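Protein chains in written order, with this note's numbering: chain A, 28 to 264; chain B, 59 to 301.
If you're looking for bench data, these hints aren't it; they were derived computationally from the structure. Just so we're clear, the structure is a prediction, and the values are computed from it rather than from any experiment. Heads up, a few of these hints could be off.
Derived Cβ-Cβ restraints for the label pairs, each shown as a range [to be verified]:
1. A:D94 x B:Q217: 28 to 36 angstroms
2. B:V128 x A:G160: 25 to 33 angstroms
3. B:F216 x A:D94: 54 to 62 angstroms
4. A:E93 x B:D78: 38 to 46 angstroms
5. B:Q241 x A:G131: 54 to 62 angstroms
6. A:G160 x B:Q220: 30 to 38 angstroms
7. B:R267 x A:V153: 42 to 50 angstroms
8. A:E204 x B:V286: 48 to 56 angstroms
9. A:D223 x B:A294: 36 to 44 angstroms
10. A:E49 x B:P243: 33 to 41 angstroms
11. B:L82 x A:D262: 54 to 62 angstroms
12. A:E34 x B:P301: 22 to 30 angstroms
13. A:G160 x B:M222: 44 to 52 angstroms
14. B:R297 x A:S87: 18 to 26 angstroms
Each computed DMTMM-like pair below joins lysine to aspartate or glutamate, with the alpha-carbon atoms no more than 25 angstroms apart [to be verified]:
15. B:K149 x A:E174
16. B:K149 x A:D116
17. B:K149 x A:D236
18. B:K149 x A:D94
19. B:K149 x A:E93
Heads up, the beta-carbon is just placed ideally off N, CA and C, and yes, glycines get one too.
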Amino acid sequence: MVKNAVEIHDLHVVRGGRTVLEHLGVSIGGGVTGLLGPSGCGKSTLMRCLVGVQQVEAGSVTVFGEDAGSPGLRARVGYVTQAASVYDDLSVDENLRFFARVLGVGREHVDRVVDAVDLGDHRGQVVGRLSGGQRSRASLAVALLGEPDLLVLDEPTVGLDPVLREDLWALFHRLAERGAAVFVSSHVMDEAERCDRLLLMREGRIIADGTPGEIKEKAGAETVEGAFLAIVRRDAA
Amino acid sequence: MTPTTTLAVSGRVLTQIRRDRRTLAMLLVLPCLLITLLWWMFEDTPVFDEVGPALLAMFPFIVMFLVTSVTTLRERSGGTLERLLAMPMGKLDFLLGYGVAFGVIAAVQSVLAVALSVGLLGLDVQGPVWLLTVVAIVDAVLGTALGLFVSAFAQTEFQAVQFMPAIVIPQILLCGLFVPRDQLPTVLEWVSNVLPLSYAVDAMQTLTRTAETGDVWRDLAVVAGYAVAGLVLGAATLRRRTP
Chain A
28 MVKNAVEIHD LHVVRGGRTV LEHLGVSIGG GVTGLLGPSG CGKSTLMRCL VGVQQVEAGS
88 VTVFGEDAGS PGLRARVGYV TQAASVYDDL SVDENLRFFA RVLGVGREHV DRVVDAVDLG
148 DHRGQVVGRL SGGQRSRASL AVALLGEPDL LVLDEPTVGL DPVLREDLWA LFHRLAERGA
208 AVFVSSHVMD EAERCDRLLL MREGRIIADG TPGEIKEKAG AETVEGAFLA IVRRDAA
Chain B
59 MTPTTTLAVS GRVLTQIRRD RRTLAMLLVL PCLLITLLWW MFEDTPVFDE VGPALLAMFP
119 FIVMFLVTSV TTLRERSGGT LERLLAMPMG KLDFLLGYGV AFGVIAAVQS VLAVALSVGL
179 LGLDVQGPVW LLTVVAIVDA VLGTALGLFV SAFAQTEFQA VQFMPAIVIP QILLCGLFVP
239 RDQLPTVLEW VSNVLPLSYA VDAMQTLTRT AETGDVWRDL AVVAGYAVAG LVLGAATLRR
299 RTP
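Just chain A, same shape as in the assembly:
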């Protein structure tokens, strides 16, 4: 297990004149950490900070002891953006072979990730003709190519068939068992139960942090959704 893969101190981000992250501090260790909150609460911005593609106003983000986005980290961090970032006019195989060459990993990894996301039957198909769920799995496969030590996944399970969603969460846990830190965002509260640790986020701040069980118990709620509501109401009071 990785200990504190990510350390964030006093992170402040302003986008388009609006404060998106407010002096946020948190550390992320091994296992599957879920980032849950409504859309627009700053989840994607926080994820962009982890991979070092977000301009920040103040604060620090370190990944494995180095500044986020520094050259030494780029091969160790896998990142999946919310919109599938693959080439629509290339086949699944062509996309993966291209990104494998950029990452400097062998072709055998292409077979491995195709199996991992269950796209074996669609390898030769042009990505633009795949369904939304298949496209986002192709995008996820790219992030798995380099066997990253930190995996940053922005809403990877949106719009997927429940069976497939189950499979992907099992995959995230397998990756975490092998030692990777997996950081997954979602706005679907029922996915929270599948995380080893949960961060609840609202309006640019982390409002709860712990295992799903701890968070529910502390808030005195039956579900994570209930806990979220209870915490928001308590803070407002």
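Take the given structure of chain A and dock chain B to it, following the hints.
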């Protein structure tokens, strides 16, 4: 910068273009059709010999400018650029990858256009014919470099296409095609002297007029210099961290 990454980008761009059969056909056939049209218009006059070389310089520049500005804009807005920049990829790998891919296409395009002009349509060329192709390739890389640069200032594909009249048409007007450059009003002659397409057209015209290649290499060096400057400016617009 690593050559394997650069070539990975070129290979990928070429595969994308190969997939898009219609674009590929237009890239290769359209210049030939337009040159033939011009030859037909000026049948039995010496005009084709004067204007033909300028056209051979203009096509690779215009086409590659357009194609590059739209494709790189797609990379910026589609998230693939962000993903690549979060990977171990140098900015120059990305830019040169595009430069090499479009250079290859320009080479094929200009071999066809030159073969047609010289072989079938009787364009008179005094200098070495292969050098016409070299000028066309460097010219295409210039178009690619400028296209990459302006794509940073466009938010939509509509805007990207509008940069073509802004950046390309003034160069066509002032390159010596309509009025010889030394007969332009003084200020416009100065302007024409700092526009790269003027040198590409000069090089092509020199090649058709004399077998002496000294001036051609000098003009070619100027065009190449602008292409390199364009790539450097383009690299400056590729930011790993965006707002």
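Let me make sure I understand: some of the numbered hints might not hold for this structure. Which ones are they, in numerical order? 3, 10, 13 and 17
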